[in-house]
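Chemist: Model the placement of chain W on the given structure of chain F, informed by the hints.
Going line by line, the protein sequences match chains F and W.
Start counting the first sequence at 1; every next residue gets the next number (our numbering).
Start counting the second sequence at 712; every next residue gets the next number (our numbering).
To be clear, the hints were calculated from the coordinates, so they are not data collected in a lab.
Honestly, I wouldn't trust all of these hints.
To be verified - List of simulated lysine-lysine pairs, DSS-like, C-alpha gap at most 25 Å:
hint, chain 1, residue 1, chain 2, residue 2
1, F, K638, F, K342
2, F, K196, W, K766
3, W, K953, F, K706
4, F, K638, W, K755
5, W, K939, F, K705
6, F, K668, W, K883
7, F, K531, F, K420
Bear in mind the structure is a predicted one, so any value in this text is a computation, not a measurement.
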Amino acid sequence: MKSLAGILLLLLLSACDEWNNPYPASEAGQSILYTAFTERPKHLDPAQAYSENEYEFISNIYAPPLQYHYLKRPYQLVPQAASLMPTVTYQDAQHRSLPDDAPADRIAYSVYEIHIKPGMRYQPHPAFARTHDGRLEYEHLTPADLRDVHVPGDFPHSGTRVVNAADYVNQIKRLANPQLHLPIFGVMSEYIVGLKAYADTLQQAVQMHPDAFLDLSVYPLPGAEVVDDTTYRITIHGKYPQFAYWLAMPFFAPMPPEAERFYAQPGMRERNLSLDWWPVGSGPYFLSENNPNRRMVLTKNPYFDSERYPAEGEAEDDKAGLLADAGKALPLIDRVVFTLEKETIPYWNKFLQGYFDASGISSDSFDQAVQVSVGGETSVSDEMREQGITLSTSVAISTMYTGFNWLDPVVGGSSERARKLRQAIAIAVDFEEFVSIFANGRGISAQSPIPPGIFGYLEGEAGINKLVYDWAGGQAVRKPIAEARRLLAEAGYPDGVDINTHQPLVINLDTTATGVGNKSRLDWMRKQFEKLNVQLVVRSTDYNRFQDKVRRGDTQMFYFGWNADYPDPENFLFLLHGPQGKVSYSGENAANYSNPDYDRLFLKMKNMENSPARQAIIDQMLEILRRDSPWLWGYHPKNYVLQHGWLHNVKPSVMANNKLKYWRLDAKSRDALRARWNQPSRWPLWSALVLVLLSGFWLWRVLQKKEACSR
Amino acid sequence: MIAYLIRRLIYAIPILIGVNLLTFALFFVVNTPDDMARMQLGIKRVTPEAIEKWKLQKGYDKPLLVNSRAAGAGQLTDTIFWHKSASMFVLDFGYSDDGRSISHEIATRMGPSLAIALPTFLIGLACYVSFALLMTLFRATTLDIAGVALCVVLMSISGLFYIIGGQFLVSKLWHLVPISGYGDGGFKFVVLPVIIGVIGGIGSSSRWYRTIFLEEIGRDYVRTARAKGLSELRVLFTHVLKNAMIPILTGVVVVIPLLFMGSLLTESFFGIPGLGSYTIDAINAQDFSVVRAMVFLGSLLYIAGLILTDISYTMVDPRVRLS
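Bound-form chain F, shown alone (with noise of 0.2 Å):
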C-alpha cells in the first residue's frame, strides 16, 4: 500500500504542471471557446427540437432564412440564409392580388417568397461524398458496410454540395412527417395551406409501407413551392405577420434530401447514426464529435463564406468595441468545445480558473461574483474586476407567473367580489422582496404579461399596473397593505373571513416545489397571504399530477412560466386569449381566463404590424387583465453573465441563440492567465510524502518493539 501511494505521489510530483489544464496541451494557443451545458439535448434534429438547450447547439449548426440582428435592439429580423427579407403578397380566396394595406379580414392567402443567397454550401459529410461517376458513394450501404462505424467521420470520403431551395421546401414538408415529432406541427397546420392534409398523405404511406423510405419529393405541398434552384415561395392561411418569426427559426432550415436518406439506411440507428444525433446543416459550424454524455464540440463548417459580422449596431455599441470586427467573415472562433457539468460548483471553479470562458451565476455565487451599489447598479465584485470578468444583464423575454384558476368558484370568474379579491391579493403579494431575496435582485417585477423589450411594454409611469402601483417619486410603488385589505372586504372577506361562512378564506396554491429547499419560498407566499389574513394551503405535487390538475382545471392558483417563441406581444397575449383555453380547448391558456372583450381585440391586434394602432389595442387589452387580474403579473427574470477579458464581441441576446459565431477571443492573453492563476501547490505533495515516511517509519519501530516483546 505504502509503495502504491509513493508511486501515485512521485507522478502526480512530476506531472502537477499539467494536471491542473483539463484540455490536451495540443489545444493552447488555439481559437477554441470553451463553455459547458447542463443537460443532454433530446434531439438536434430541426424539426423536433425547440427547447433552449436544444437550440444552444443547432442555431450554430442550422441556417434558417432569417435571424435576429446581433447588436440591434429592439430585435429585428434580417436575412441570414435570404439573400434579402421575404417579399410577403396577400390574396383573396380566390387567389387574386390584394394591396399591401388590405384589411386583415379580406386577405385569404399570405404568400412569402423567399430567395436564398446563392452558393452557400452543407458542411462536410459523407453523405454527399460522390464516386467518380458522379453517384453517391454511401446510398446503398449494408449493417455490414457500418461494422467499424461509429461516427460520421468514421466514413473514409466526405463532400458537400450547394444548398439550394428545394432543400428549404423538403425541410417544411418534414413538419409534417409522421416519424418525426413536431412540437409545433398544430400552429403551423393552421397556417401553412395543405400542412394537415399533408400529414395525413403521409401517414397512409407510412402505413402502407412502413419499413420504406419516405421519399417525400413524391408528395407535393401546396403550401411550399420551389420557384427556381434560389427562390421558394410559403403560402400561410390569412395574415399573420409573425410567421417571418418562425423563419428564424430552425424548424426552416434546409435539409438536404441525401441526408435524411443517408440515415434512413439499415444499420444507422443502432449505431445512433441519425439526423437527431449528428446534424447536418449549412451554418457556420458543424457538429465535430457529439458524446452528450460528455462533451460536444462544434468545430467551424469550411466551406461557410456567406456572412460578415455586422457593421451597425446600437450608439453604445461602437464604444463598447462591439464594432471592431464590422465586415470580418464569420464565424471568428475556429472551434466551441461544450463540456457537460451538471454540478454548479465544479463549474465556477473552473470558469474562475480559467477553463471556461464565460459563465452564468448561480445563487451561490452571487455574492462573490456581483456587487450591488446603492442606487442598485450591479457591477461586478472587486475580486473578479482584477480577473478582468466583466458582466452582462439583459431581461430575459419570459415571464414568471401565479395563475388564479378562472373557473374556480372561489377565486375565478368574472364577478366583482372574485375580481375584488384577485386585486387583493396581488397587491398583497410583494413580487419585488421575492426577486430581492430569492433571485438576488435578478429580475423585475412584471405590470402585465408583456416584458420589456417587446414591443406593447411602455416605460414609466404609462406602463404601470395602476390598481397594484402608484407612481411616486419617478418609480412604481406598491400600494400599502390597507388597500388590499380594503378591496378583500369589499369582494366579502373583511379580514380574511368570508361573510357568508362566517369560515376564514382558504386558498390553495399548487405547485410542484417539494423539498427543503423550497420551503422558503413557499413559507414566504404564505406570509404573503397572512398580511391578508388569508391561509394559503400549498399542495405540493409531482410534474404529472400537477399537469393533470392543470389540465383538468382542478387548481385554485399555481405557478406557471413562459419564454417566449419570438419578441412579438402576441406572444404573450394569446396565453389569455379564451380559444386558447387549457380545460376546454387543450391550448396554452393555463388560467383558462376569458373575456369576450379580451378576445376580440386579441384577433384585432394579432394580425396588426407594430404601430400606434396596436399599441392602442395592447392598452385597452392590458388594462382588461389588470382590472381583471388572472394572473399575478409575477416578474420577467434578469440573465446575469459573465465573462472573461479575453472574450470579445459578448452582447447578450435572449433571442438569437446563433451567436457564437460572432464572438471572437484572444487564445494568447487566455494562456498566459490561465498559467498564472493556476501555479500548483507542490507542499502539499511533499508534506503528504514525508507523512506517509514518517508514519511508516514509526510504525515500522513500534512493531519491531512489540515483536520483541513478544519473544
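Modeler: Below, chain W alone, put in the same frame as chain F:
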C-alpha cells in the same frame, strides 16, 4: 460445479421476470404513458394529437399487462409489458424514448464508470484490509481506539463533503488536478475521485473488517500459530487474513459486477460520463425503456455477483463444494 451453475442460471430467470414485473408495476403506478409523452414532447404547444401519435410510435398505445381485445396469446403479447420486456432476455435493450440506442449508451458509459470504480475498489480494499489488520494488531491499545474513533468520524461525514472538500483543496486551492472532466490522458481526471472514493469508504469498511479479524484472532489456530513462534505480523497477514476470506468475499465479490454501474454522486460532481447518472436521468425523464433496461442489467449483474461469490468460496476454502 457446472451443474450447480446451470441450476443457478435457471433460477435467475424467474427472478429476472419478477424484477421486471415489479419495475413495470412501480413505474406505471407513478407515470402513465400520457405523462411520459408529455415529458418527452415538452410543455409548450403539446396537443392531444401529438400525445397519441407519440404513444403509437413508441408502442405505449397498448394495454399495460393484458390486452382483452386481442385473441389467444395476443392477450399477453400485445401489451406494453411484453413488448418492452421480452427482448431484454436476449440482451436487446432497444431504444430510449428519445430514440437513442440503449446498448450503445451502456457500452460507451461503462468504460468511464469502471475507470473510477475499479481502482477505487482495488485500492480501497487494500487500504481497508491493511488498516483493519493494523487496528487488530494493536487491538485494545490507544492506537486501536484512535483508529476506531477515526473510522467513526469518517463514517459520520457525508460523502458529498469529501467531494466538495476534495475539489476545493486539491483542485481549487492547490491546482493539482482538474476539478472535473474526463478525457484524453484520463489518469489526471481519475486521481481525485479515486482518492476521495477510497477515503470516503475507510470508516465503515475498516471497522467491518476489523470486526471480522477480531473474531478470527481469538480462534485456536491463531493461538497455535503464536505458540509455534510465528511473528504477530505473519499470524495476521498470512493465517488470519486467509481464514477471514469467506466473510470478506461475501461482501466484496458480489459488488464486483456492479462496479460497471458506476456512482451517481461521484460521476455527477466530477463530470465522469459513466452509467451512474444514466438511471437517475431516465427516471427524471420518465424514460421507461432506459429504466427497465438498467434495472434488468443491475439484476443480471447482481445475480452474476452472487454466483461469482459462490465460486470464490471454493477457491479460498477447500471444504466448500458447489453441488
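Chemist: Decide, hint by hint, whether the structure agrees.
Modeler: Status of the hints after comparison with the structure:
For the hint linking K638 (chain F) to K342 (chain F), the alpha-carbon distance of about 22 Å falls within 25 Å, and the restraint holds. A threshold of 25 Å between alpha carbons decides the hint, and for K196 (chain F) with K766 (chain W) the separation of about 20 Å falls inside it, so the pair holds. For the suggested pair K953 (chain W) and K706 (chain F), the alpha carbons sit about 23 Å apart, so the restraint of at most 25 Å is met. Straight-line distance between C-alpha atoms of K638 (chain F) and K755 (chain W) comes to about 21 Å, which keeps the hinted pair within the 25 Å bound.
Restraint check: the Cα-Cα separation between K939 (chain W) and K705 (chain F) comes to about 19 Å, which is no more than 25 Å; the hinted pair holds. For the suggested pair K668 (chain F) and K883 (chain W), the alpha carbons sit about 23 Å apart, so the restraint of at most 25 Å is met. Taking the CA atoms of K531 (chain F) and K420 (chain F), the gap is about 16 Å. The hint holds against a cut of 25 Å.
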